[in-house]
Every structure is written in structure tokens, then in C-alpha cells.
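**Student:** The primary structure of each chain is shown beneath.
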Amino acid sequence: MDATPIPDAQVALDGVSKEYELGGTVTALDDVDLSLSPESYTAVMGPSGSGKSTLLNLVGALDTPTAGRVVVAGDEVSALSERERARVRGTEIGFVFQTFNLMPRLTAVENVALSLVFDGWDRERRRDRASDLLARVGLGDRLDHRPNQLSGGQRQRVAIARALAADPSLVLADEPTGNVDTDTGAEVMGLLDDLQADGNTVLLVTHERRIASHADRIVHLRDGRVDRIEAA
Amino acid sequence: MADGSMDLREVRRLAWRAITAHRLRSALTVLGVVVGIGSVIAFATFGASVQAEVVSQFQGTSASEIYVAPGGDSEGGGPDEADFARPAFTDHDVAKLLDIAGVRAVVPRGIVPTSSITHGGQTVARSRMTATTPAAFSADLLVEGRAFRSGAEEVVLNEAAAAGFEPNVTVGSTVTVAFPDGTRNLTVVGIAAGTRGDLTPQFAGATPRFFLPADPFYRTVVESPTVGVDQRAYPQVTVVADAGRRAEVKAAVAASLEDSDAAQLLPDDVEISVQSRTDVVEGVQSVIDRITRFVTGVAVLSLVVGAFGIANIMLVSVTERTREIGIMKAVGATNRDVMALFLAESATLGGAGALAGVPVGVAVGYGATRYADVGFALAVDWIAIAVGIGLAIGVLAGLYPAWRAASVDPIDALRYE
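Chains A and B are the protein sequences, given in the same order. Oh and the first sequence: position 84 is 84 in my numbering, straight run, nothing missing. Oh and the second sequence: position 67 is 67 in my numbering, straight run, nothing missing.
It is possible that some hints are incorrect.
Unchecked claim - Some chain A residues near chain B, calculated using beta-carbon distances under 10 Å:
| no. | residue |
| --- | --- |
| 1 | N57 |
| 2 | L62 |
| 3 | G94 |
| 4 | F95 |
| 5 | L102 |
| 6 | P104 |
| 7 | R105 |
| 8 | S115 |
| 9 | A166 |
| 10 | D174 |
Hints in this document: simulated from the structure, not taken from any laboratory. Even for Gly, the Cβ is constructed at its ideal location relative to N, Cα and C.
Based on the sequences and whatever the hints tell you, model everything.
**Tutor:** The structure is reproduced here in C-alpha cells:
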């Protein structure tokens, strides 16, 4: 491989393509090279269908590329088994979704501790860790509330706390403000900014210029290719 | 420390949470298993109880008795009634059996036709009485008086027969018996609980019975092929062996009968059955056992229905929780973790059904024994089997749904609204 990415990159995509068979071949990503250095803050923008979600799924070890290599925190996820990718998701990556994606029957603490369950932490340590994180996002008094007892902004804060549970090196946020009002969105973005300031690598997918401007760097995707990269 | 594998208690807790989130439908699913397990246990319990009851009917007879009668034909069929009642064992055969080492007594039995019996002015119709020898009455069988003597005009009654008159027939009184060729006055010399060779003393004791000495009352004779003269011939003979020599005597009896008058008198296709009490009990047990297994097997079918109930509800659950599965996978659950969670859920449903089904089945089985008026006996092995089957059904029924859950694509699942 001649186009070897930066060796110390947190995330590196090297000639990555992704094709789907949907009554004909659809190319979602086409030979993308991209690297995120540690503690960087990157936003990905682009119209729908530009390949934003596909990029996020690949970096998040939820999907594997048709061609090329995806390296996250030193692991070549494109070459890992399903089981190893699950471990990478659980320990190296924290997800924040537009629709929160909290477990409806679990309390805030249990939601935050969920990834620790699959990582084999014991119950007491899970609860301690989750309580600390919820306090950090300002929900120290909502530990045992269920998602349906929380507001949209509170839910997204639980989701951010969950993303941090296993102390991952990379936080992926997919339209994190898409389902909350403007003020709450500002709070959520404030939390993400703090995360990055605390040393996390943050990759943010959005279609809103205003949100993307929180990042240091904005990657514009168009038709599955990197259109341009701008420094914010 | 984190070892990368899921905590089993947490698996159970999460499974329990999912089950209690839908109380009614979980309860109904469990109920399906309860019905299945309960009916298996109820039928098995009832079968075991009937078996114990029937076997207990044989307990009163001595283990050292060997029953000799015309048995099944050589094609393996059971004895038909005509063969069973065929008088084939002659006095010559009886004497020969008595000569076998280890034989304490030989008790032949036959039927004497009568028409009625009169005592104290009351006449009771009676079509037959049992002819036998004094050896039929061991000391422990006699309630009162003594055995009759051969050649004497004497009679022994069982307690039910003695109670059939008002006032009761007592030892020393006289009864008048009408035979086809005239009436005779007989002295009642004893009251007996029964005779040696009664297979089921409890049943036999419940009906009135009269015992006469074969000499002079038993008139069924055939010409003995061996000695060439007319002799009394009996349809059944009981051989009483010395204690501890049953097996040896049984073999000798069978050998002795090979060239007996009975063997020559019976049709070629009828064999002589030589059975100890153990043989008879085992035969009865195996018949009841087979019936119980058949009926219980039918009940197992309802367990299968319960299994379909679990599979059904688990598939619904997987579909409903597709998004949750996606979330779990996004935060690090492996396919195996997801599978374990759903299997734990279905095994819990099956196990709960089994646990609740055991008392239900035992209670229904107990009710059936009360209704049928037999003693109660637990079918412990079937209870263990039923619980095992319940858990196994939970796991088996959950396998496909759990596999479906494990193979959910997290990307699709997270988009799932």
C-alpha cells in the first residue's frame, strides 16, 4: 500500500470504497482517503446521499468496506471478525445518535453502563462509573429515570454519557442536535466541545453549517467522494 | 476487572426485565408450558399411583408360591378362557410335583357346580364352590377353626361368605348345600381369609367363597394317559416352595410338567405357564407401565404446543426489539451476547412453566387418585424429566428467534423507527 496513512492517526481511511447491491450497484463511497489525528475535531458535511452515514458506519466498525482499509485506534477494523469489531465498538468508540437510541426499559444509569455490561465489568463498578459520567453531563439527579421520564436534551446528555462510558478514544456523533431545540442543541454541542477539549477525538456528521463550525476541520462529501476539506 | 465477557447475573436480570415488561403475554406463554408439563406429570403420577395400588394387591401372597395353569399358546397369544379352565392336571401330576425336592405343598384347585346353600332357614343361590385340598389353608390364612379333612363332609368359608347370612355362619354349625345330584349337610369347620395361590387376597377376600375338600366333592375326572385310570383333574395348581428355593423349584416344576398328564391332555398349541408371584407382578407392572407411557406421551404433545408458544412470542419480541438489538451491538454486544440474552429469556419462560407445572401436575394427579379411589404415589422420575424438558423446550424454542436477534444488522436496526 503506497498511500499509507499517517502512522499515528486516530482514524485512517485508505482508498475506502463501499458499494451496495440495490437492484444495481450503488457506490456510497468511492476511493476515500481520510485521516483524523488524535484529539482532533472533525465535521463531515454533505447533502443526503453523499455518503456521510456510510462513512460514519465504517469508522464506527458497524460496517466493513468493499475495498480499502479502515484503521481505528491502531486496529484495522476492515480485517476484524464480527466479534472483534464488537469489542472495538464497545471499548474504542462512543456513539451519539440523532434519535438518542436509548434502551427504553433501562434507567439512565443502566443505559450509560450498558457497554460496560458487555465488557464484563461488575455491577458496582458499572454503577459508579455511570453515575460519575451522568453527574458530569449535569444529570446527577436523574440517575434512575427512564428515557420517557426525561426531556429530549436530557436524553441526548444520557447518550453522550453512554458514549464516554468505556473511555473511548473516538466519539462519533451523527446529527446530535437534529432532534432537539436550538438552545438544547447548543448545550449538546457545548458538551461535545468539552469532550474534545478533554482529549477525545470527535467526528461529527451534520448537514448544518452552524453545527459543523464547532469543529476544527470540515470535510465536505459529494457523491461518495471527498469534495474538499476546509479549516474552520 | 473487565474480562470482555458478559456477567451471567446481568444476563438473567436483563432477560427478566424483558419478560416482566410484558407481564400478560409472558404469563400466557408460561401458561402454555404449565399446561404441557402439568398434564405430563398428572398422567404420570396417576399411572404410578394405579401401579402402586395394583401391585399392593399382590403383597399379601407369599413369594414362595408358584402358579401353574394352562398358559398362552405357542404363537404367543394369551390363554383363551376355555384353555384356562381346562382340567388337565391329574392327581398323578399333583403327586409328581409333590415329590420335587423343596416343594412344601401342592394345592390343586377346581370348580364344583352347586345350586344353593342353606343356613339357619336362609337359602342363598350359589352356582359354584372351590374344590381344593387341606394344604390350601396355612395357619395364617385361617381366621377361625381348622382346615377341612380330605374325605370328610366339611366346608370352609371365607369371611365374606360367613357374613352373608343373618346371623353369621359360625364354626361348628351345619350348612345344607344343593349339588346337581342332591343335597348334603356339611359341617363348617373353619373360616379362612383365603387360600394359598390367591393372586390378589384383597380382591379375593371381598367376594363370598366356599371351599370344599376335593375328595369327595370334586367329580371332574379324566383318564390319566400315564397310569391309564380315571383320576381327578384340576385346571390350576399352586406349588408352595420352601423359603429361598423358589427359583430352583420353579425350574424343577417346569421340567416335571414336560412329561406330565397335563402336557399330554392339553392341545399341542397350549403351553403350561409356570409363574411365581414376582413374574405375575412384573407382568402387571409392565402393562400399566406401557399404558402410562402411552398416555404420558400424548401429554408430551401439549408440551410441544407450549414450545411453539415460546417460539412465537420470542419472534415477536425480536421484531419489537430490533432497535434495542442495534443499540446493544453499537455499544459493544457481540452476536453471542445478543443470542445469550434471548436464550436466557426463552429458557426463563420454559423454566418458569416447568416450575409452575410441577405442583399443578401433582395436584391434578392427586385429585385423579382421590377420584379413582387409589393410593397416591409420586412419579419422581417423570417430574425430573418434565422440568428438564421444560428448560430444554425453552432453549430449543428460543434458538431460532435468538439466532434471528443475533443476526440483526445494527445499521438497519438503528435506522429502524
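**Student:** Which numbered hints are broken by the structure, listed smallest first?
**Tutor:** none
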